[in-house]
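S.K.: Spelled out from the first residue to the last, the chains are:
Number of protein chains: 2
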Amino acid sequence: MKPLILVTNDDGITSKGIRTLVEIMQELGEVVVVAPNSPQSGMGHAITIGEPLRLYETHIFDNVVEYECSGTPADCVKIAKHYVLLDRKPDLVVSGINHGSNNSINVLYSGTMSAAIEGAIEGIPSIGFSLCDFNEDADFSHAVPFIKSITESALENGIPIGIALNVNIPARSDLPIPGIKVCRQAHAKWQEKFDYRVDPNGRGYLWMAGEFVNFDTEKEDTDVWALDNNFISVVPCQYDLTGYEALEKLSTWDL
Amino acid sequence: MKPLILVTNDDGITSKGIRTLVEIMQELGEVVVVAPNSPQSGMGHAITIGEPLRLYETHIFDNVVEYECSGTPADCVKIAKHYVLLDRKPDLVVSGINHGSNNSINVLYSGTMSAAIEGAIEGIPSIGFSLCDFNEDADFSHAVPFIKSITESALENGIPIGIALNVNIPARSDLPIPGIKVCRQAHAKWQEKFDYRVDPNGRGYLWMAGEFVNFDTEKEDTDVWALDNNFISVVPCQYDLTGYEALEKLSTWDL
Numbered sequence: 020m021k022p023l024i025l026v027t028n029d030d031g032i033t034s035k036g037i038r039t040l041v042e043i044m045q046e047l048g049e050v051v052v053v054a055p056n057s058p059q060s061g062m063g064h065a066i067t068i069g070e071p072l073r074l075y076e077t078h079i080f081d082n083v084v085e086y087e088c089s090g091t092p093a094d095c096v097k098i099a100k101h102y103v104l105l106d107r108k109p110d111l112v113v114s115g116i117n118h119g120s121n122n123s124i125n126v127l128y129s130g131t132m133s134a135a136i137e138g139a140i141e142g143i144p145s146i147g148f149s150l151c152d153f154n155e156d157a158d159f160s161h162a163v164p165f166i167k168s169i170t171e172s173a174l175e176n177g178i179p180i181g182i183a184l185n186v187n188i189p190a191r192s193d194l195p196i197p198g199i200k201v202c203r204q205a206h207a208k209w210q211e212k213f214d215y216r217v218d219p220n221g222r223g224y225l226w227m228a229g230e231f232v233n234f235d236t237e238k239e240d241t242d243v244w245a246l247d248n249n250f251i252s253v254v255p256c257q258y259d260l261t262g263y264e265a266l267e268k269l270s271t272w273d274l
Numbered sequence: 020m021k022p023l024i025l026v027t028n029d030d031g032i033t034s035k036g037i038r039t040l041v042e043i044m045q046e047l048g049e050v051v052v053v054a055p056n057s058p059q060s061g062m063g064h065a066i067t068i069g070e071p072l073r074l075y076e077t078h079i080f081d082n083v084v085e086y087e088c089s090g091t092p093a094d095c096v097k098i099a100k101h102y103v104l105l106d107r108k109p110d111l112v113v114s115g116i117n118h119g120s121n122n123s124i125n126v127l128y129s130g131t132m133s134a135a136i137e138g139a140i141e142g143i144p145s146i147g148f149s150l151c152d153f154n155e156d157a158d159f160s161h162a163v164p165f166i167k168s169i170t171e172s173a174l175e176n177g178i179p180i181g182i183a184l185n186v187n188i189p190a191r192s193d194l195p196i197p198g199i200k201v202c203r204q205a206h207a208k209w210q211e212k213f214d215y216r217v218d219p220n221g222r223g224y225l226w227m228a229g230e231f232v233n234f235d236t237e238k239e240d241t242d243v244w245a246l247d248n249n250f251i252s253v254v255p256c257q258y259d260l261t262g263y264e265a266l267e268k269l270s271t272w273d274l
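Heads up: the sequence lines are chains A and B, in that order. Each number in my numbering corresponds to the 1-based position in the first sequence with 19 added. Each number in my numbering corresponds to the 1-based position in the second sequence with 19 added.
Chain A extracted, bound-state conformation (with noise of 0.2 angstroms):
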């Protein structure tokens, strides 16, 4: 039996890059989407609470089975689970190709990384891939082998309990790609930057905007590097947020 591959992303089901993910996912096995009816960058692993959810079959893509959900990345993976596939555990969840990078810390507030780690949650292998360009036309192209070859692995290799990958492919250029690195999130931040304006009505408002920091850049072991010398960036990410290292400090605290 061909596995059950559930596609998903953040970025909405009608976007380039998750149509690109269907066309890979489809020469590995039988595909499944279940995907945002609107963008949702930066929703991180927001779930929707307090209010009920939309699921509608759709016909974007050939010869698919695939539903619009009203909710965020991480609902559609649990509506896929719960819902959708009650007869049949998917094999495999893959989320993607966001349009954007989402190494080191952004992979808190990516919604495409959250719904692979929902699907870690759920005990499922998963993948979450991202481009390093945000152009809603971005050029996939280069990205499709390594892909196509890291999903085979996984679904040959398993991953590891607990864990979900987060893949990062360099935006399309002239430079070669030297191949694919496993390594560690850089420890980076947004040096935010609060933009402040008036509307026409006389009220203000402010616009985040701000500049990446990366403490890491004298390192190259970390995503960030990887990146910067045009390789492809695999880390490994876990939902065990438990500080080990720091659980024996605290106990050192008079509580």
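It cannot be assumed that every hint is accurate.
No distinction is drawn between identical chains; accordingly, a pair holds when it is met within one copy or between any pair of copies.
Stated by the list, open to error - Calculated pairs, EDC-like style, for lysine to aspartate or glutamate (alpha carbon to alpha carbon, straight line, at most 20 angstroms):
hint	residue 1	residue 2
1	Lys200	Glu46
2	Lys108	Glu49
3	Lys167	Glu46
4	Lys208	Asp110
5	Lys268	Glu211
6	Lys212	Glu70
7	Lys108	Glu211
8	Lys208	Glu237
9	Lys212	Glu230
10	Lys167	Asp218
11	Lys212	Asp240
12	Lys268	Asp218
13	Lys238	Asp259
14	Lys208	Glu85
15	Lys167	Asp273
16	Lys212	Glu155
17	Lys212	Glu267
18	Lys268	Asp240
19	Lys212	Asp106
20	Lys200	Asp240
21	Lys200	Glu264
For the record, the hints were derived by calculation from the structure and aren't laboratory data.
Could you slot chain B onto chain A? The hints should help.
M.R.: Same frame as chain A, now just chain B:
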């Protein structure tokens, strides 16, 4: 100089939980509140992308500088650090007191904890407090001395770099609280059930509901065990999601 304490939450600036937290923090330092203007439960680490934010000074608490923000809990911490408090970095970020538990896997979905983790990303000692009682009029009184002593310990000892504390407090009951347990995140998940209904216009919709499943029932070192035994749980949470043990396994893949 008294420590500068930033207070936020995910239930919204008018909720009883944040009022209680502000009262406690006023005894320990100078308080600034930047909190959502509406409930943001389940928002996880969502941030606002592609839309501007509203931020207004408000006067819900006595003698406190406070702002209500249209964004998510993580947005509130970003806007506090990089717009409201440009002259002085907070010495502590506290988030909550959440109306409802944020133990185990719930840390990922929690706006309360994502605000605390955002504080840790900014290099500020940060704590999320939650009461295991969803009632909007929940009784927080028994939690007050524990929250005060945990906060004092954090101000005195600092919190390890890269870590935010996830503190959960049992709901008020006749049982005594035997103490505070430093512990790990239990391995658990939600087993969702979706309840299909039809709206008055004939269109279907789904309510997400479900059952909490704890896979760590035999283990006594988890937050779920602590809370089940009426302890207060303290879990150190890290934002480096790298699964270091998995790095080695993945290195054997032929990529």
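S.K.: Now tell me, hint by hint, if it's right for this structure.
M.R.: Now for the hints, and whether the structure bears them out:
1. Lys200 to Glu46: neither (24 angstroms within a copy, 50 angstroms between copies)
2. Lys108 to Glu49: within (12 angstroms within a copy, 52 angstroms between copies)
3. Lys167 to Glu46: Within. Shortest intra-copy distance 9 angstroms satisfies the 20 angstroms Cα cut-off; inter-copy 58 angstroms does not.
4. Lys208 to Asp110: between (34 angstroms within a copy, 19 angstroms between copies)
5. Lys268 to Glu211: neither (31 angstroms within a copy, 36 angstroms between copies)
6. Lys212 to Glu70: Result: close only across copies, 15 angstroms inter versus 33 angstroms intra.
7. Lys108 to Glu211: Between. Shortest inter-copy distance 14 angstroms satisfies the 20 angstroms Cα cut-off; intra-copy 41 angstroms does not.
8. Lys208 to Glu237: within (16 angstroms within a copy, 38 angstroms between copies)
9. Lys212 to Glu230: within (8 angstroms within a copy, 41 angstroms between copies)
10. Lys167 to Asp218: neither (47 angstroms within a copy, 42 angstroms between copies)
11. Lys212 to Asp240: Close neither inside one copy (29 angstroms) nor across copies (42 angstroms); limit 20 angstroms.
12. Lys268 to Asp218: Result: close neither inside a copy nor across copies, 50 angstroms intra and 54 angstroms inter.
13. Lys238 to Asp259: Answer is between: at 15 angstroms across copies they meet the 20 angstroms cutoff, but 25 angstroms inside does not.
14. Lys208 to Glu85: neither (36 angstroms within a copy, 26 angstroms between copies)
15. Lys167 to Asp273: between (53 angstroms within a copy, 13 angstroms between copies)
16. Lys212 to Glu155: For Lys212 and Glu155, the Cα distance exceeds 20 angstroms both inside one copy (25 angstroms) and across copies (35 angstroms).
17. Lys212 to Glu267: Cα proximity of Lys212 and Glu267: none, with 37 angstroms in one copy and 38 angstroms across.
18. Lys268 to Asp240: between (27 angstroms within a copy, 16 angstroms between copies)
19. Lys212 to Asp106: For Lys212 and Asp106, only the inter-copy Cα distance (14 angstroms) is at most 20 angstroms; the intra-copy one is 49 angstroms.
20. Lys200 to Asp240: For Lys200 and Asp240, only the intra-copy Cα distance (9 angstroms) is at most 20 angstroms; the inter-copy one is 35 angstroms.
21. Lys200 to Glu264: between (26 angstroms within a copy, 16 angstroms between copies)
Checked against the numbered hints given earlier, this structure breaks hints 1, 5, 10, 11, 12, 14, 16, 17; the rest are met.
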